[in-house]
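Please take these sequences and the hints and turn them into a complete structure.
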Amino acid sequence: MPKIKINQREIEVEPGTTILSAALQSGIEIPHFCYHPRLSIAGNCRMCLVELKGAPKLVIACNTAVTEGMEVFTDTPKVVKAREGVLEFLLINHPLDCPICDKGGECPLQNYTLKYGPTQTRYEEGRRIYSPKSLGPKVVLNQNRCIFCGRCVRFLREVAGHEEMGMFHRGDHVEVGTYFEKPLESVFAGNITDICPVGALTTRDFRFKVRVWELNPQPSTCSLCSCGCNLVLWTKGDRVYRITPRANEEVNEAWICDRGRFDFHFIENSERLKTPLIRKEGELRPASWEEAYSFVAEKLSALSKSGGGRSIGGILAPSYSNEEAYLFQKLLRETLGSNHLDSRFGPSSMANARAHEKDLQMTSLSALEGTELIVLLGEDLTREHPVYSLRVRRAVRQRGARLIVAHSRPTDLDSIASYVLQYKEGDEERFLSSWLRALLEVMPFESIPEGLEEERWSALRAWPASGAADVPEEDLRGAAELIVRAPKVVWVIGEPKGRGASFPLSEDRGQGSSTGASADSRSLTANPSFLERAMDLVLLTRRGQEGGARVLLLSEGGNSQGLLDMGISPKLLPGLRQLTPDEVGRVEEAWGVSLPSWEGMDGRQMLEAARKGEIKALYLVGMDPVGDLALGAEAEEAIKGLELLIVQGLFLVRTARLAHVVLPGLSFAEKDGTLTNATGRVQRQRRVISPPAGAKDDLEILAEITARIAPSRPTPSSPAEVFQEIAQRVSLYKGLSFEEVRETGACR
Amino acid sequence: MKTETMTLNMGPQHPSTHGVLRLVMELDGENIVNCTPHIGYLHTGIEKSMENRTYHQVIPLTDRMDYLSPITNNLAYVLAVEKLLGLEDVPERAQYIRVILAELSRIASHLVALGTHVMELGAVTVFMYGFREREQILDLFETATGVRMMTSFIRIGGVAADLPAEFVEKLQDFLKIFPSRVDEYETLLTNNPIWLRRTRGVGLLPKEVALAYGLSGPNARASGIDWDLRKKEPYCGYEKFDFQVPLGEEGDVYARYRVRMAEMRQSHRILTQALENLPPGPYRSSDRKVVFPPKDELHTGMEALIHHFKLATEGFSPPTGEVYQGIEGPRGEIGFYLVSDGGAKPWRVRVRPPSFLNVQAIPAILNGCLIADAIAAIGSLDFVLGEVDR
Amino acid sequence: MVKEILKGLALTFQQMWKKPITLQYPEERKLMPARARGRHQLQRYEVGMERCIGCGLCSAVCPSNCITVVPAENAEEDRHSPGERYSQIYRINEFRCIFCGYCQEACPVDAIILTEEYEFSAYSRDEFVYDKERLLVSLSRQPQGADRSPEPIS
Ligand code: SF4
Ligand code: FES
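Residue numbers (this note's numbering), protein chains in the order written: chain D, 1 to 748; chain C, 1001 to 1390; chain G, 2001 to 2154.
Don't read these hints as lab results, they were simulated from the structure.
Since the structure is predicted, the reported quantities are computational estimates derived from the model, not experimental observations.
It cannot be assumed that every hint is accurate.
[Said to hold, decoys possible] Chain D side only, calculated, beta carbon under 7 Å to chain G, not exhaustive:
#: 1; residue: Pro77
#: 2; residue: Val79
#: 3; residue: Phe208
#: 4; residue: Arg211
[Claimed, not checked] Capping the alpha-carbon separation at 27 Å, the derived lysine-lysine pairs in BS3-like fashion look like this:
#: 5; chain 1: D; residue 1: Lys81; chain 2: C; residue 2: Lys1289
#: 6; chain 1: C; residue 1: Lys1048; chain 2: D; residue 2: Lys236
#: 7; chain 1: G; residue 1: Lys2132; chain 2: C; residue 2: Lys1170
#: 8; chain 1: C; residue 1: Lys1176; chain 2: C; residue 2: Lys1083
#: 9; chain 1: D; residue 1: Lys81; chain 2: D; residue 2: Lys115
#: 10; chain 1: D; residue 1: Lys182; chain 2: D; residue 2: Lys115
#: 11; chain 1: D; residue 1: Lys236; chain 2: C; residue 2: Lys1345
#: 12; chain 1: G; residue 1: Lys2132; chain 2: C; residue 2: Lys1240
#: 13; chain 1: C; residue 1: Lys1083; chain 2: D; residue 2: Lys115
#: 14; chain 1: C; residue 1: Lys1207; chain 2: C; residue 2: Lys1232
#: 15; chain 1: G; residue 1: Lys2030; chain 2: C; residue 2: Lys1176
#: 16; chain 1: D; residue 1: Lys236; chain 2: G; residue 2: Lys2132
#: 17; chain 1: C; residue 1: Lys1232; chain 2: D; residue 2: Lys115
#: 18; chain 1: G; residue 1: Lys2019; chain 2: C; residue 2: Lys1176
#: 19; chain 1: C; residue 1: Lys1048; chain 2: C; residue 2: Lys1289
#: 20; chain 1: D; residue 1: Lys571; chain 2: D; residue 2: Lys612
[Claimed, not checked] Beta-carbon label-pair distances, calculated as ranges:
#: 21; chain 1: G; residue 1: Phe2128; chain 2: D; residue 2: Arg285; range: 24 to 30 Å
#: 22; chain 1: C; residue 1: Ser1049; chain 2: D; residue 2: Trp289; range: 50 to 56 Å
#: 23; chain 1: C; residue 1: Ser1049; chain 2: G; residue 2: Val2002; range: 54 to 60 Å
#: 24; chain 1: D; residue 1: Lys78; chain 2: C; residue 2: Ser1049; range: 39 to 45 Å
#: 25; chain 1: D; residue 1: Phe89; chain 2: C; residue 2: Ser1049; range: 41 to 47 Å
#: 26; chain 1: G; residue 1: Val2002; chain 2: C; residue 2: Tyr1337; range: 51 to 57 Å
#: 27; chain 1: D; residue 1: Arg239; chain 2: G; residue 2: Glu2076; range: 27 to 33 Å
#: 28; chain 1: C; residue 1: Met1006; chain 2: G; residue 2: Glu2027; range: 50 to 56 Å
#: 29; chain 1: C; residue 1: Lys1048; chain 2: D; residue 2: Glu369; range: 26 to 32 Å
We put the beta carbon where it would ideally sit given N, CA and C, even for glycine.
Set out below in structure tokens:
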């Protein structure tokens, strides 16, 4: 490893490191504009000039690799002068905009000028002025402020893979903008406003809202999809003003998608529920919490006494925290004796439990980087789990991995895939069968493949050898060969969706519920066996114990993995343990509780049972089945017959209007808790603002109801207490503590 | 015969405690056996607040400690910051303006000390006369700074603005009449037998005791300690002025009175010289990294605009380190000890408040004296509770 | 001893012939110096447009945190100030204000100035929170101070 000296300080770095990153690694500041550690080197701003011993001219630190014995100086008079000169040139054309510019206060150009720049102008000519250009609704461009470092262009090209911006013309006439002045469409567009070192790119959402120095940046975690991106929520008083990414190498590096960035204004929506409502004389009337609690508690205990646990069901949206989920299942299972528990209206699957059990689950995204082949199955990654798509793209574009995309619609990543297997929507089963056949052809098995249960093996063999589902035979075969040949395969599997999950900016989500309830009911049309069959495929391709294959199972909802971990499933106990009478017995003994041992119904079945009058009470948290396009009519019909419908959430959604009790809960920015992302990383969600008066923490609501129904048993009520109980009882979370899950999360 | 001492509370609301000070006196008949000052009634947490302000924003806070002489507070703080920054190019004109304002505020402060002290002993006339002249000085402050008391006028690197033309005229008028006014006070007091009886030999503060209590300023000098920072550790170019440091010997109330009167005359001398020699030139440093650029440049130069913007919103960040700077305030050495962690706000500010040390000396001079002399003795120590408690 | 006392009395007797320096407020008023730091005023351009661009430097520099500025974007139909940005809300709590004049110093467009008005009285505390309407110099009447170009104290 070369040893170099920067300002007489000796440091040792990897060969090939540039001077700039060597300096950054050892905490020496060298000002820079165009260089960004996560982008390619451009070397166009000249801000990073340093002096080398023995070199006649200054060199740019960002594009000069270190050599053994190199001596670098960052503060000689020559360097100081050069920096002043560079800044002076940049300021010549910079408009006098600081007072009206949103970047003011966090602007590298300002900071460097204060630190290294000249103090007085010598320039008297006019400034260069561009005519305004629009970048669409998300990002505002002011070219006059631009210093043409090219970070935005490089980000979109290299990281996002959405080459929408470019630099045009040359020299003093240089311009930056989108091709053909089209609006920016990338779901990662917001990131360019973070990395622009001046105020040329700012978000429209945050435009002229508030000064950055008035804001209080607070760490949290995104709950919109199970990527679990790390966030900074910028608050002032009780309002969130903007959201930016927080770096976490294990999750989102330094990026977030525009949904996570912009989709939070529902928090401050004036229509949020601020008081519990109880139906009296056919109408929902405001009530006190005391009334609401006793109403719910009385009704629930009466029902559980008369009809038993089987007459009660509960559905919790997958954006709720682990603690809430845990208490919810505790209320349903331990207190009310019901296994009718789910987080959606689709079929429940055991795929996650199996992946966990077989140790196939991908627990770190770095597995993506070293793999030879990535298979995207039924998952439009860029739309549904955008930030993970950045990893896949890098693995393919920069690390030489191959990609197979199998989906019913064209997806964003098709363009870099080796094989695109596009099957007909609704035809998943046939597609899987034909692919399996192709696989078995290129990889004939003499005996049962290792790790596959006998019954699964025979089930596999019995798969119908139906038609080719519109996918060309040679593609299926080619893809199968790739899989067989690749030493390491990563499967990324999503559930087939009934309809497109688009990324609307704002509105949509807020109205639905706190957190994507309506979105979740899309899995309605999911093929019941899709995920499990896909898992069989994965098991088939796993070679040896040492992880020939890894799988990342993606469902909708920011905490879908966490909910399964907590046992929000009719077939699972907390800790991804299959709900069998034996297992229940073991758990009962260990926990000292009694649990129902019968298999519960999934969300869809619950609705069906409600319609038939078998289920008399439903407790919906963050769910709005009636408001769902595909499910609405059926759900409305089913709900009518209920004796008790409890709806908890942020808004008076359509389902809530039919409820007997409505309980106002909190949004993600108003409560503490932990979320578990798709790779099993447990991260903190934080209360950064205080909730509207009258609404209550969902955890508190659940704890209070539980305590009222079973006053003799102690119920933990703070997130830390609940988490402690989880860590004690759920083996997956053993050894974790609420405090430890600090800034960047912990692996479970 | 068995006697008991009596405990008497003087203050916290008492007209002669010069603010909200409470003295718990143990009396044996007319004699004070023991006296304990209780302070803290005016505590405002100024030092702590300073840790939460940029270096620039701290200046108005300093005004509010010793509200009878805000300028010297400003000055001591600003000099400390300049020392921390190693800022040396404070223009001469700025230094002269600082001296002028500091000496004016010394006179104004002494006039309050004199007037209130004398009034407490029954002579209201001198109070009226003194306040008449003080009013003139406050008027001068208002002309220069825009307000009479909370001037916040001294700035890091200079002063907030140049002196307006009418200031110089007004100051000349003042300088013309002031010596005769001091004569008037002296006519009423210096040889007045009642005054002499009440002050001579009262409130004795021997030299060693004064030293032991760390007293400075007129109180120390009245006990014969030749210590004046303007001479010993000159700042703002005081070495260029010709003036004397009046000394007393006896260390009694009368000596302190005489020293203050003489000091006002010396301040007058300094003011006359300063006005005569007031050099032309800029009124603040040209170091744009810490001093706001001229406003007209904000509309033409990006450099100026950025510096202005950053200085207003974040302030500058001096190097890590700690400094102490004391100056000769009207009540003694007022000093600021600053610790910087390299950030834009001071990590710690500690004030050496002369008033605090003066209050500390109260038991030393009161124990054993008559209760009737307490008022005379307390008034002669000249403290401001705002500064004691901060 | 008598001599000293008589000397004193003579001095006070002489004062009777001097003109009093007392001002008969409120009939008589002191002329405030141009730099007086009294109540704030928001300035306009000659054409009536507001000078304030909502940059918030005043509120950032204010040591007592008494200024609230909420900016917004100018719309062509509803233009308040030249340029893109104006202050939608500009509020000063004059009770908290310490009249240091830092805001005037920090304002890059000379929009906020401190006038010579020092007489504050009102029947409620709320009235000391001045909103933009009360701070803005009125269009019809240009009171003193408005045409006075703000004397930069910096
Ligand atoms: S005068 Fe001082 S305290 Fe008052 S608003 Fe201006 S800066 Fe703030
Ligand atoms: S950072 Fe090196 S040239 Fe821009």
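Going through the hints against the structure:
1. Taken as an interface hint, Pro77(D) does not check out: its beta carbon lies about 31 Å from the nearest beta carbon of chain G, beyond 7 Å.
2. Because the smallest distance between the Cβ of Val79(D) and any Cβ of chain G comes to about 31 Å, over 7 Å, the interface hint for this residue is violated.
3. Annotation: Phe208(D) was flagged as interfacial toward chain G, and the flag holds, the nearest CB pair being 4 Å apart, inside 7 Å.
4. Interface hint status for Arg211(D): upheld, as the beta-carbon distance to the closest one in chain G is roughly 4 Å, under 7 Å.
5. Taken as a hint, the Lys81(D) and Lys1289(C) pair is honoured in the structure, with Cα atoms around 16 Å apart against an allowance of 27 Å.
6. For the proposed pair Lys1048(C) and Lys236(D), the alpha carbon gap of about 23 Å is at most 27 Å, so the pair holds.
7. Taking the CA atoms of Lys2132(G) and Lys1170(C), the gap is near 37 Å; set against the 27 Å cutoff, the hint is violated.
8. Taking the CA atoms of Lys1176(C) and Lys1083(C), the gap is about 36 Å. The hint is violated against a cut of 27 Å.
9. Distance hint between Lys81(D) and Lys115(D) is fulfilled; the C-alpha atoms sit about 13 Å from each other, no more than 27 Å.
10. Between the alpha carbons of Lys182(D) and Lys115(D) the distance comes to roughly 38 Å, so the proposed pair goes past 27 Å and is violated.
11. Restraint check: the Cα-Cα separation between Lys236(D) and Lys1345(C) comes to about 21 Å, which is no more than 27 Å; the hinted pair holds.
12. The hinted pair formed by Lys2132(G) and Lys1240(C) fails the criterion: a straight-line CA distance of about 50 Å is larger than 27 Å.
13. A C-alpha spacing of about 20 Å is found between Lys1083(C) and Lys115(D), which places the hinted pair at or below 27 Å, so the restraint holds.
14. About 19 Å separates the Cα atoms of Lys1207(C) and Lys1232(C), which keeps this hinted pair within 27 Å; it holds.
15. For a cut-off of 27 Å, the pair hint linking Lys2030(G) to Lys1176(C) stands: about 23 Å separates their Cα positions.
16. For the given pair, Lys236(D) sits about 21 Å from Lys2132(G) by alpha-carbon distance, which is consistent with the 27 Å threshold.
17. Proposed proximity of Lys1232(C) and Lys115(D) is contradicted: the alpha carbons are some 37 Å apart, above 27 Å.
18. Note on Lys2019(G) and Lys1176(C): the hinted pairing holds, with a Cα-Cα distance of about 18 Å set against a maximum of 27 Å.
19. The straight-line distance between the Cα atoms of Lys1048(C) and Lys1289(C) is roughly 26 Å, inside the 27 Å bound, and the hint therefore holds.
20. With a C-alpha separation of about 22 Å, the suggested pairing of Lys571(D) with Lys612(D) holds against the 27 Å cut-off.
21. For the pair Phe2128(G) and Arg285(D), the supplied restraint of 24 to 30 Å is violated, since their beta-carbon distance comes to about 42 Å.
22. Restraint check, Ser1049(C) to Trp289(D): a C-beta distance of roughly 40 Å breaks the suggested window 50 to 56 Å.
23. At about 56 Å, the CB distance of Ser1049(C) to Val2002(G) agrees with the hint of 54 to 60 Å.
24. For Lys78(D) and Ser1049(C), the hinted distance range of 39 to 45 Å is satisfied, since their beta carbons lie about 44 Å from each other.
25. Between Phe89(D) and Ser1049(C) the beta carbon distance is about 42 Å. The supplied range of 41 to 47 Å therefore holds.
26. Taking the beta carbon of each, Val2002(G) and Tyr1337(C) are about 54 Å apart, inside 51 to 57 Å as hinted.
27. For Arg239(D) paired with Glu2076(G), a C-beta distance near 28 Å keeps the hint of 27 to 33 Å intact.
28. Under the hint 50 to 56 Å, the C-beta atoms of Met1006(C) and Glu2027(G), about 52 Å apart, fit the expected range.
29. For Lys1048(C) and Glu369(D), the hinted distance range of 26 to 32 Å is not satisfied, since their beta carbons lie about 50 Å from each other.
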